[in-house]
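J.: Please arrange chain U on chain E, whose structure you already have, making use of the hints.
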Amino acid sequence: MVNYAIHTEDLRVRRGKREVLHGITVDVPQGSLVGLLGPSGSGKTTLMRAIVGVQRNVTGVVNVLGHAAGSAILRRQVGYVTQDASVYGDLTVRQNLNYFASMLRAGRADIERVLESTDLAEQANQMVDSLSGGQLSRASLAVALLGSPELLVLDEPTVGLDPVLRMELWGLFRRLSESGTTLLVSSHVMDEATRCDRLLLLRDGEILADETPAGLLERTGAADADAAFLALIRHRPKHLGTEFDGEAAS
Amino acid sequence: MSVRLTFAAAGRVLTQIRHDPRTIGLLLIVPSLLIGLLAWIYVDTPVFNQVGPAVLALFPFTIMFVVTSMTTLRERRTGTLERQLTLPIGKLDIIMGYALAFGLLAVFQAGIAVGFSVWLFGLDISGSVWWLLAIAVADAVLGTALGLLASAFANTEFQVAQFMPAFVFPQMLLGGLLLPRDQMPDVLYAISDWLPLSHAIDALNAVARNDQDDAYLLVKLLIIVAFIVGAIVLGSVTLKRRTP
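Protein sequences, first through last, are from chains E and U. Just add 8 to wherever you are in the first sequence, counting from 1, and you've got this note's numbering. Just add 65 to wherever you are in the second sequence, counting from 1, and you've got this note's numbering.
Bound-form chain E, shown alone:
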C-alpha cells in the first residue's frame, strides 16, 4: 500500500468572486519528488498555499501527512518556501536560521547541516540584504530545511537562477527525496520536469496530467516536456474526458 503525503479531493479555491482551482484531485506518494508545472497564473501557488494551509476559502478534502491541511501538528512537519525571499534582510544568514530554528527546536548542528546542504556555509555571517539572488533563494530554502520536515513545498525555488545552480538544487532535491522527504516543487520551466518522479500539469486551475515524465512523453508522443505540454493543451478534451467544460480551450 502506498502512503500519500498529500491527498486532495475536489479541492476548490475561491479568491474573491472567482474560483481559481476547480476541483483538484491528486495524490502525492510519500518520499516522491513531484513537479508542479504550468504557466504562470495557472494556480500553482494557490494549490501550494492550500496544501500548506495558508490559503483562505478552500473547500474539498486536503490531507497532508494524514492530517487536515493547516493543522497545528503539521507546522513542524511541512517546510514551505514561497516565491518571496521570506528571510530577514537586516539579519545575517545565521541569525535568520537561529530565529527560525528556535521555533522548531532545531539545534546548532542542524543549522550547520542546512548551511552545508544549501552551500551557504561561507555566507553564514553575511547580511541577507547583501546576498546575490541565487544565495537569497538558497537562504530561504535553508530555513525550510530546518528540523528536516517530512514534506517540502517549494514554490519556484529555481526561478532566476543560472543553469549550474539549478542543476545543483535539483540534485539537492533528489538527495532529500532519496532520504525519505516528500517534495512538491513548482516550476514554469518545463525542462526541469524530467528530474521529477511524477508531474502534475496545471492549467487554468485544473489538472491536465498527473503521471511520470516518461509516461507523459509516451502518451503525447512528444520529444520533450514543453512539446508534451502543448500537445496536452491541444488534445485536452480527450484526456479530461467528461470533465472537460470547453472554457479554456476556446
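These are calculated hints, taken from the structure and not from any lab test. Don't take each hint at face value.
[As the list claims (entries may be wrong)] In silico BS3-like pairs for lysine-lysine, Cα to Cα no more than 30 Å straight-line:
1. U:Lys156 / E:Lys25
2. U:Lys305 / U:Lys156
3. U:Lys305 / E:Lys25
T.: Just chain U, lined up with the frame of chain E:
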C-alpha cells in the same frame, strides 16, 4: 503562548534594529527634537507649558505607531510573516515579541523626551517626574500596541498605510490638544473618553499641574495599560494564518 518564543521574537526584532544605528538614533531623538522645536516656537509665550504635556504624549505615541506598523508591514511584504505563520510559533508570541522589543525602545525614547522637556526645554512640572516618565513610557508602548493592532487588522499593505490617519488623527484631535476636552461638545467629549490617548494627555497634564492625587494617576495609567493589553490580544486574535 511560549515565553521562550516571545523572547526569541523580541531578540530577533532587536537584532534587526541593532543593525540599523540610524533608525535607533531617529527613534530615540526625533520626538525630543520636535518637542524642542515646539518650545522654541512658543519661547516668548506661556503656550509651551500649556501644550507641552500633551505633546509629550502625542509625539512618542505617533512615532511608535508609525515605526511599529511600518516594520510589520515589511514583515508582510517580504513573506517572513507568512513563513512564521506556517511554523510552530503562536500569533501572540509574534506580536508580544514586537511589543517587548519596541516597548524597550519606547522606554528609552520616552525617557529622553521627558529629560529633554523638563531639564532642557524648561517644561514646568509641579508633580513627580517619575509619574511623568511612567505615563510617557506607557503612552509610547500604547503607540506600539495600536500599531501592531492596526497592521494585524489590515489585509494589505495599502490598508496598513490608511490606519495611521484612522487610528491616530482622531485621538490627536479629540485628546485635548486643540481644546481642553471638557470644553468640547458633549458627544465628542463622550467619544474622547473612550480613546486611550485622551487619558494619557489627562494624566500628563495632571502631573504637570500637580492638581490630582496618585489614585487619579494610577487609574489613568491602568486605563492605558488596559488598552495596551487589549490591543495586543485583539491583534493576535485578528492576525490570520490563512489569507485570501
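J.: Honestly, which of those hints from before does the structure not fit?
T.: none
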